[in-house]
Amino acid sequence: MPKPYKPSVNLNESHVTDENVYMNRRKLLKSMGFVGASTLLAKSAGAAGWFWEDEKEKTAFNGKPLDFSAPPKYQINETRTPESKVTSYNNFYEFGTSKDAPAKNATEFQTKPWQLKVDGLVKKPFVIDHDALLSRFPLEERIYRLRCVEAWSMVVPWVGFELAALIKQADPLMSAKYVAFETLYDPEQMPGQRSRFMGGGIEYPYVEGLRIDEAMHPLTLMAVGLYGKTLPPQNGAPIRLVVPWKYGFKSIKSIVRIRLTDKEPPTTWKRLASNEYGFYANVNPNVDHPRWSQASERRITTGGLLARNRIDTQLFNGYSEVANLYKGMDLSRFY
Amino acid sequence: MPFLSKPFRMSTWQRRLVKTAIHIFALGYMIWLFGAGITDNLGPDPVNTLINQTGIWAIYFLLATLTLSPLAKWLPSPEPMQYRRLIGVYSFVYAFAHLATYMLFELQLDMSLIASELVSRPYIIVGMSALLLLLALTLTSFKRIQRNMGKRWQKLHNTIYLILPLTLLHFSWSQKTFWQEPVWYWLIGLIIMSPRFMSYVENQKKQKARARKKAAAST
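Line by line, the protein sequences are chains H and V.
Take any residue in the first sequence, note its place counting from 1, add 1383, and you have its number in this note's numbering.
Take any residue in the second sequence, note its place counting from 1, add 116, and you have its number in this note's numbering.
Just so you know, these hints were derived from the structure itself, not from any lab.
Values in this document were obtained by computation on a predicted structure and should not be read as measured data.
Yeah, the Cβ is synthetic: ideal placement off N, Cα and C, and Gly gets one too.
Possibly wrong hints are sitting among the right ones.
Taking lysine-lysine and the DSS-like style, the derived pairs with C-alpha atoms no more than 30 Å apart in a straight line are [unchecked claim]:
{"id": "1", "chain 1": "V", "residue 1": "Lys267", "chain 2": "V", "residue 2": "Lys322"}
{"id": "2", "chain 1": "H", "residue 1": "Lys1560", "chain 2": "H", "residue 2": "Lys1389"}
{"id": "3", "chain 1": "V", "residue 1": "Lys292", "chain 2": "H", "residue 2": "Lys1487"}
{"id": "4", "chain 1": "V", "residue 1": "Lys321", "chain 2": "V", "residue 2": "Lys189"}
{"id": "5", "chain 1": "H", "residue 1": "Lys1551", "chain 2": "H", "residue 2": "Lys1710"}
{"id": "6", "chain 1": "H", "residue 1": "Lys1646", "chain 2": "V", "residue 2": "Lys189"}
Output of the computed footprint for chain H on chain V, the stretches with three or more beta carbons under 8 Å from beta carbons of chain H [claimed, not checked]:
{"id": "7", "region": "129 to 142"}
{"id": "8", "region": "186 to 194"}
{"id": "9", "region": "230 to 239"}
{"id": "10", "region": "284 to 297"}
In isolation and in its complexed conformation, chain H is listed as follows (with noise of 0.2 Å):
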């Protein structure tokens, strides 16, 4: 019988800030008597509309609220990132490449329908549509460090399931060694499918790839909501891959197909710089990317330009039970 998992990382909800604390956290500034820099600067906020758009603005997607238990072996005691920096602050190109743009430019997207089909070396390949998605497996929230080839990192409180109760149901066949996801192309809602300067010049439907084992880990999750509500679009909604001991772009977004097939699938990021991006992509601090180092990383909270939020990087992003799924391989060499 299999050894029953247990991460590594086992911490309790009562160490995470609350939620309303965080979204209070100015007006809580000021009453604790910040007042003179606070009041100066709350008004010269509205200036800060010139770049980006006010808080408020960006959380305007009213995300469904979500059934789902939080056990309280997937909780840890790091401070969450805001769930408006969480839903502002994205890499997905299919909306523009600024931090800032899926945010403004997704918030149009239809998610519904959806159709995701699971199909390849299964013997039961099957297509789930969007309420599906919601409701065929029980949700579980689960506080992940995410951490970005960019050398930051966040922590979100997502929710979803195991991406193996969903290959499970397909009944995978052993000739199975890999899966391949694909997220959705269509150029008439993605801006950044239909022009070059839109979406950073990458080949697009943007795929990703795992070994069956990754895909099979419990760690492996299917996001389809995150701070108890389903996905903003820019967050990859409806349904995204959350893989938290790899880099973020590993984490592939509103995804369409997941099939499982006997080679290495091609990947977007090693598609376009394999030097730079391999098909691991593994969290990693002693394997630098060639432009930038990656052994610290800043963690996005809150606290401004004088928080000194440079942390060490941890292999394998701190998720050391998944080390024996590369025992024996120089990780140097599979980056």
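Let chain H serve as the given structure and place chain V on it in line with the hints.
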């Protein structure tokens, strides 16, 4: 002259007014950026916003200062030249703030990381070279030094034509793909530089023609 009988000149006071306005804008925006950054009012990642804004404004000022001399030739007025030094110096000030932000708030004074990034990342080396050249131009921008340097001053300040491509290369190279924002600035840079290319080509032609005439006369 297309629309004025006489070249347009400003009074000393009018010039002072324009210069004051430039100072207020350039310094004011910088102070506002840092203030908003410190209080977490500068977008989801204030460090990222500050790095982008100081960098992009260094480029705006650089492009602006390169526009002024062709503009002065085209307008019936030499006035734009009055502000070239001021705007050029602000390009340096913003570029310096860009580097300072990177070291203070991005790398947070982790000295070994700063040292290794400065020597081992090509796009940073390119950016540093542009900044050091801008520093040299800024330090020699005093009228007295300019007079003392004589012809060497112009030679040194012609490196502005190197600084522009170095700066844009640094910008492009820092992005994850080529087709991003910097492409526009390469295009704008080419447009601004095109009158200079054209007059350079014309001068070459004239010189050749003169040399040919000389050669013909001597035979």
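Open item on the list: Could you work out which of the previously given hints the structure breaks and list their numbers from low to high?
Closed with: Numbers 6, 7, 8, in rising order.
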